[in-house]
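Please take these sequences and the hints and turn them into a complete structure.
If you're matching them up, the sequences are chains Z and A in order.
At position 358 of the first sequence (counting the first as 1) the number is 358 in the working numbering, and the numbers step up by one without a gap.
At position 160 of the second sequence (counting the first as 1) the number is 160 in the working numbering, and the numbers step up by one without a gap.
Some clues are possibly wrong.
Said to hold, decoys possible - Derived lysine to any residue pairs resembling SDA-like cross-links, with alpha carbons at most 25 angstroms apart:
no. : chain 1 : residue 1 : chain 2 : residue 2
1   : Z       : K566      : A       : V15
2   : Z       : K259      : A       : T16
3   : Z       : K259      : A       : Y209
4   : A       : K23       : Z       : E554
5   : Z       : K547      : A       : T16
6   : A       : K24       : Z       : L626
7   : Z       : K536      : Z       : E554
8   : Z       : K644      : Z       : I500
9   : Z       : K259      : A       : G19
10  : Z       : K566      : Z       : Y538
11  : Z       : K566      : A       : K50
12  : Z       : K515      : Z       : E438
13  : Z       : K442      : Z       : I500
14  : A       : K50       : Z       : I629
These are calculated hints, taken from the structure and not from any lab test.
This structure is a prediction, so every number in the text was calculated from the model and none was measured.
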Amino acid sequence: MATESLKYLNPDSETEVKTKVFPRPGQNTKGIINWLTTIDHKKIGIMYGMAALFFLILGGLEALLIRSQLWNHNMDVLTNREYNQMFTMHGTTMVFLVIMPLSAAFFNFIMPLQIGARDVAFPRMNTLSLWCFIAGGIVLNLSWFFTGGSPAIGWFGYAPLTDTRFAEVLGDMGPDFWIFSLQILGLASLLASFNFITTIINMRAPGMTMMRLPVFTWMTLIVSFLIILAFPAITIALVELMFDRTYGTNFYDFLEGGKPHLWQHLFWIFGHPEVYILILPAMGIVSEIIPVFSRKPLFGYGLIIFSGAIIGFMGFAVWSHHMFTTGMGIVATSAFSILTMLIAIPTGVKIFNWIGTMWGGRIRFETPMLFALGFITMFMVGGFTGIMHSSVPIDAQHQDSYFVVAHFHYVLIGGALFGLFAGFYFWLPKLTGKMLNEKLGKFVFTLMFIGFNLTFFPMHYLGMIGQPRRTHSYNEGHGFETWNQIATIGAFILGVGIVIGVYQFVTAAFNKKLKPAGKNPWDARTLEWTLSSPVKEYNFARTPIIKARDQAWENNYGPEENHSQKEPLDDHGVHMPDRSWYPLITGLGFLGLVLGMLFHQSVDVNTGEIIRNYTPAIAGGVVAILGIIMWAIEGPAGYHLFPKEDEE
Amino acid sequence: MSEASAHAIDHHEPVTSTGIPNKKVLMWAFLGSDCMFFGTLISTHLIYRKISATVGGNFLDIRDIFDIELTSFSTFILLASSLFMALAVSAIHKGNLNSTRWMLFGTIVFGAIFLACQVYEFTHFVHAPGNELTLSSYRGEPHVFGSTFYVLTGTHGTHVAIGVFWLIGWLIYSFTGKMSTADAMDIECCGLYWHFVDIVWILIFPVVYLMEYAF
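Structure follows, in structure tokens:
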């Protein structure tokens, strides 16, 4: 192969071409192999984003089915069980397959550019997290096709709903699919987080001190720490649940000494930090956008960082506010109530900082800014109802009503999703090199803003007058119909808005009519805007030497001493790590292991005994282990590029 | 596209912002995360230990099946393996390949003895005549102690087994002739993992075993 010889044969030295079991694809590989073996953080970010947008549409369709069922009293669009499956799959999909991977897409694409790095610390491990995430998405949605269909246990999987004894359908496999997909998704998040932590701590460009890091990068760091400390709790809880369901242990089996209450604690010890894992990346994105479109530096940079860290820290101390009605006793309930009220303070500090940034600024109302403003206003609504829930007596009234549904959708759609959409409109020009259609963007914002509020604002009222959540239908005479119909209409408007938005993002790279973006179309402030759009594969031809916090802005408008410099061109060129097949092979091994475990049990028709066959699971495990061993043997290797100085 | 070149591939360690190698930061982050894994398991065990103190109406005395002499012995062996591990790291830093090899071998043997003790212990507990402790029952009555005990100590055993396989990998590598002081940092990371797994056992041994004799 021409590219191989170009890569490995050096006329100056005696290096030989090494033959390997799987030959490593060369640097100029094109087509599908380019994407399957890539270790480039930008391509990985794009794949994360595409997969997550696909799941966003899927989870959205599930939501629309739920809304159709609730259009009128006693509707029959879905059966009881299908309805339970829909809200379970909707919740699980949106949390683990949409918001988290969309955040991961931005972490991958933007964070290394913001700190002046050429890639993340462990590029091949980064690819493995991507494949694990996709494997998790596949496993979760495979559940539709097997015994019992999808899980019908809620995204929280409360015991004893997961107890095999209480399965509605004999041999229901839904919860097993749910358990194993969450395990493999957890693995993906953990690997990615170890990677991001190492990258941010260790791979900053010279002069990029911690207090010069862009806020988005700071939030990446905080979220990564939240993930590595919160996910173990759910991993162990799921391991225990798997043992309960498969090997008859009694962790959550109340008939044999277990305590279902323990599941709730373990789930929410993970689940509450998870809330901040979902919202902090969006806060980071908004903190980047608001200064740019207000033409002012971020007001109170240090305070925003510090509040983010405090939110992350306190996020581990408030989990029981999800369990106020379980009877934990006065002391525990009061303590968690007070801590929940306290955590509102750093959140409020951030909001005032964003307002302070806009105050007196020259505000440009372009699409990213509109979404960022939408984020602030609607996140505030969700935040206020959140503070209401910190009061135990009020929470007891709201528990399991539509009021709670309104609350967390204001936080997760009005908050997280609007923040992420703001990020798309803001950074896609950097990704594709072309400006998005501003008019279409504003149209999407209008549809989403109106549709969203039409859907979820009436739910506050519906909850107050007593409509329970997670309930298949309601009877006539409660007065629920009108507001439910408004909510359903709103949901379809929101759905249309999201579909147009997704269409706009996905086609951005191919749309020839779009105007070129240039290096810095928004006159933005951070380091990624000093690079060409789209960014070259090596990111920085010469490593920048950072002199100030808003480096791109200082380069354009700041005093001479604040302009960034560049390290001298290295004779060795830019060292690029090689592509690899092994992350994909290891990921497939994990997928095989999980599927093998899912289907290892069968029942002997004659005797009724359980037969266990571990061969497929072991085969999958062996593939994964071989993948890791070969991975270690092949090493990072690499090749060198010699970019010209102006080619960034 | 800029000129792609054919320079020899150099393997110099990249300079990091903190001066700590990337792999070491990764390992510390992983160990922080692993603390939470074991924290969750140990909490589960402690919670159930207190609230499920009886079995079939009678007070549960797990001392009937514990063999504290055997467990103390295997605890000692595991702790001693940490000494070998530390010596292996020290030897590879000095470039003493022969000593590294022997110390790695010692760590593997002691790790394997610990695992063998655990396998013996599990088998013994499951089949203890009249006192069978299984995943779901004790003396034939449904109980949680077996669930928390086996899953907690089993997870720890899995960690030890992974460590043993990792060390065997290094031992094999040491015979390829490629091992040098350049690998010291990688072996040190392996050592960090091994010491951590030991420390976890130092917590599990009193909490799961010794406490049954004290409270």
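Consistency of the hints with the structure:
no. : hint            : in the structure
1   : Z:K566 / A:V15  : holds (16 angstroms)
2   : Z:K259 / A:T16  : violated (48 angstroms)
3   : Z:K259 / A:Y209 : holds (23 angstroms)
4   : A:K23 / Z:E554  : violated (34 angstroms)
5   : Z:K547 / A:T16  : holds (18 angstroms)
6   : A:K24 / Z:L626  : holds (23 angstroms)
7   : Z:K536 / Z:E554 : holds (23 angstroms)
8   : Z:K644 / Z:I500 : violated (40 angstroms)
9   : Z:K259 / A:G19  : violated (48 angstroms)
10  : Z:K566 / Z:Y538 : holds (15 angstroms)
11  : Z:K566 / A:K50  : violated (63 angstroms)
12  : Z:K515 / Z:E438 : holds (11 angstroms)
13  : Z:K442 / Z:I500 : holds (11 angstroms)
14  : A:K50 / Z:I629  : violated (43 angstroms)
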